[in-house]
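The listed protein sequences correspond, in order, to chains A and B. Note that the numbering used here has the first sequence beginning at 1, numbered continuously upward. Note that the numbering used here has the second sequence beginning at 1001, numbered continuously upward.
Keep in mind that the hints were calculated from the coordinates and are not lab data. Only a predicted model underlies this, so the values are computations on that prediction, with no experimental measurement involved. Quick reminder that beta carbons are idealized off the backbone N, C-alpha and C, glycines included. Please note that a few of the clues may not be correct.
Which chain A residues stay away from chain B? Per the calculated CB distances, all over 10 Å, these [as the list claims (entries may be wrong)]: (1) 9; (2) 27; (3) 40; (4) 42; (5) 53; (6) 61; (7) 84; (8) 103; (9) 104; (10) 127; (11) 129; (12) 137; (13) 150; (14) 169; (15) 190; (16) 198.
A short, non-exhaustive set of chain B residues, derived as facing chain A with CB atoms under 7 Å [to be verified]: (17) 1054; (18) 1063; (19) 1075; (20) 1087; (21) 1259.
Anything over 10 Å on all C-beta distances counts as not near chain A; from chain B, calculated [stated by the list, open to error]: (22) 1091; (23) 1095; (24) 1263; (25) 1291; (26) 1298; (27) 1317; (28) 1365.
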Amino acid sequence: MTVTKRRRGVLGTLLTPGAIWIVLLYIVPSLLIVVYSFLTKKLGGGVIWEVSLDSYTKLFGYNPGALILNDFVIIFLRTFWWGILTVLTCLFIGYPLAFYVTQQKPATRNLLLLLIIIPFWTNFLVRIYAWKFLLGNNGFINSTILSGLGLRRIPLINTPFAVLIGLIYGALPFMVLPLYASMERFNYSFVEAAQDLGAGYFRVFTRIFFPLTIPGVATGCILVFILAIGDFVVPTVLGGGKVAMVANLLSLQFGNAFDWPFGSAIGVVFILLLMIGIVYYILSEIRKEA
Amino acid sequence: MTDTVVGLKNITKQFGDVLAVDNVSLQIREGEFFSLLGPSGCGKTTTLRMIAGFEMPQIGEIYIKGEPVTHLPPFRRNVNTVFQDYALFPHMTVAQNVGFGLEMDKLPEVEIRQRVEDTLRLVQLPQMGDRRPSHLSGGQQQRVALARAIVKRPDVLLLDEPLAALDLKLRQAMRFELKELQHQLGTTFIYVTHDQEEAMTMSDRIAVMNHGHVLQIGTPIEVYDHSADHFVADFIGETNFIDCRVISCNGETATVLIGDEIKLEVACDQNAAADQPGTVVIRPEKIDLHMKAGNDGQETAFVPGIVENMVWIGTDTRFTVKLAGKVEVVVRHQNMRLGDPLVALRRGEPVYLSWQKMAARLITS
Ligand SMILES: Nc1ncnc2c1ncn2[C@@H]1O[C@H](COP(=O)(O)OP(=O)(O)OP(=O)(O)O)[C@@H](O)[C@H]1O
Ligand SMILES: [Mg+2]
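With the rest of the complex left out, here is chain A (with noise of 0.2 Å):
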């Protein structure tokens, strides 16, 4: 409010860089995106200049071979339920683990946040094909583990619950780290306090320690989702393309079907829909400061 002019123009010059990269690599090829959904497919790939809604009619129209809803929506559908999965999981995993973490001497603690950071050395693709290797028919767990113990065999591998590992696998980190540094942060005078003032350890736990660290968790869930519902190696690798996600959909229209405005037209709601979510939060966190 009390920015002097000088000041803004101090600030309008350090954003400067920042801005012209957003625009540049975001804006324009989402507006890009957004003008290919409204034109026409041109056999072979690329467009025709001439305006048509057949690629949104095509995504929520009425499909013929389907039930109730057309194999898109099922597809976004499934794409949204399972980041939801993956979210609550992570959560619920990387919660105790973050907060078990925190509790360490420093040493312990920069080895455990190591061990959490070492797997992004290694490709994410090379990583999710040791999972195919791990879950596979003749894979570690079927042939080593199982059988070992004289068990019978189960597919593991190609099913929804491979994806559901590898996706969780994949984003586990980005759930730990956000909850780490919030935990990190947290101030161990109020659980003192909230003792003092007659509160057990659970209420302890709801009442003080979770809601301040409800940043870290808001933070995580929101990279965990968007990591997860944007995946393409995970459904590729480990659900040998039976099980699509909204990636695969797209992968499928701008390469092998060649029909940009289509792949386009499901990019675009895509990003609606995700921007609807991250457009509320940030809402009601407005809502919350005032």
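Take the given structure of chain A and dock chain B with the ligands to it, following the hints.
Showing chain B with the ligands alone in chain A's frame:
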């Protein structure tokens, strides 16, 4: 004793190889303002935290209202704490902070609202209930912390340097307010501070601590005028320490020799053996200055000296006087009269000191 509200019996607390509190026993009486006073690291906070239940002693028992509570968690003790950094919950409003303890006791909402309102009025923060702690000044946060702790009407209120974060003016004003509040509530206050002036002005009784020990427990006047040892006398107020040798002592009065010439009769609390070295302690304001020589009386000592240095401070003048045998004594002389010839004295001029014999005390520890 029925009027003891908090009792500590031979409490010892060790952190690793740091002996934070060493064999401390205290009896804090119902309704009193009790201070734990001592320098940094002497174990005041640790003692308070053991009463609150945040630390457990390795040895000893703690009683609250006669019940042993040594191993009870904090939420099972009817004591509340005002933390030094206030520890106000940032995600709650002022009213929610103050009401938190009552909510934990599952009181009906109407009663909570009423008591929160009353308490906020008591600490002079009415109409602040809807604010967030982060939107309050330091002094206001301090009052909220106070309100949050007293709203549950605890048996004992524990305060760990609650005024330390405030600026000097506010701190001095808050001393009176705290004392007044304690008077109104009638609650026992246990107050931790390293500021002797704070402890002296507010407390009914003070426990002076050093290195995990309690050195003396007494009223402000007792610890000031009858300091148990060298440390207490030095820590509380300004004092002259004069090395001496005991000539004789009967447990109440002693005759001592200062240097080779000055023979003095002084008070003493413990017996001391003849020829034992000791220290005579006398407060600067207990010494009178005279222009003319006089004689030792039945009750007053009279000693000649030479002005070594003097500093005029408005309300009084601070003299350094050299006695026989290079003994230096600080004297605070009240500037009561205009044109006082004493104030016109210059360095090197003779002057005469007198004091009540019993105002000077022999300390041998
Ligand atoms: N949790 C702890 N772990 C290890 N040592 C501790 C711990 N708490 C206190 N100590 C040590 O115990 C001694 C007494 O500490 P305490 O905090 O009681 O002192 P204090 O009198 O309150 O000092 P201050 O005026 O600086 O607050 C200190 O030497 C301190 O380093
Ligand atoms: Mg302390």
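Fill in: Minimum Cβ-Cβ distance from residue 150 of chain A to chain B exceeds 10 Å
Non-interface label stands for residue 150 of chain A: nearest chain B Cβ at 49 Å, farther than 10 Å.
Discussion item. Using Cβ atoms and 10 Å as the threshold, tell me whether residue 40 of chain A really stays out of contact range of chain B.
Written reply: Residue 40 of chain A is indeed farther than 10 Å from all Cβ atoms of chain B, at 53 Å.
Practice prompt. Using Cβ atoms only, decide whether residue 1259 of chain B comes closer than 7 Å to chain A, and label the hint accordingly.
Written response: 54 Å, violated
Practice prompt. Report holds if the minimum CB distance from residue 1365 of chain B to chain A is greater than 10 Å, and violated otherwise.
Written response: Check passes; 37 Å lies beyond 10 Å.
Worksheet entry | Check on residue 9 of chain A being off the interface with chain B, judged by Cβ distance over 10 Å | 30 Å, holds
Worksheet item: Since residue 1291 of chain B was said not to touch the interface, does its Cβ keep a gap of more than 10 Å from each Cβ of chain A?
Response: The assertion about residue 1291 of chain B holds, with a minimum of 59 Å to chain A.
Practice prompt. Would you check whether the claim that residue 127 of chain A is not at the interface survives, using Cβ distances to chain B and the 10 Å cut-off?
Written response: 38 Å, holds
Practice prompt. Over 10 Å to the closest beta carbon of chain A is the bar; see if residue 1095 of chain B clears it.
Written response: 14 Å, holds
Worksheet entry | Given as non-interface: residue 1317 of chain B, partner chain A, CB spacing beyond 10 Å | For residue 1317 of chain B, whose nearest Cβ neighbour in chain A is about 47 Å away, the distance exceeds 10 Å, so it holds.
Worksheet item: For residue 103 of chain A, which was marked as not at the interface, is the minimum beta-carbon distance to chain B over 10 Å?
Response: 17 Å, holds
Worksheet entry | Restraint outcome when residue 1054 of chain B is required to lie within 7 Å of chain A by C-beta distance | At about 6 Å, which falls below the 7 Å cut-off, the nearest Cβ of chain A leaves the hint on residue 1054 of chain B intact, so it holds.
Practice prompt. Would you check whether residue 1075 of chain B satisfies its interface hint, that is, whether its CB is within less than 7 Å of any CB in chain A?
Written response: 5 Å, holds
In this structure, the earlier hints numbered 15, 16, 18, 21 and 22 are contradicted, and the remaining ones agree with it.
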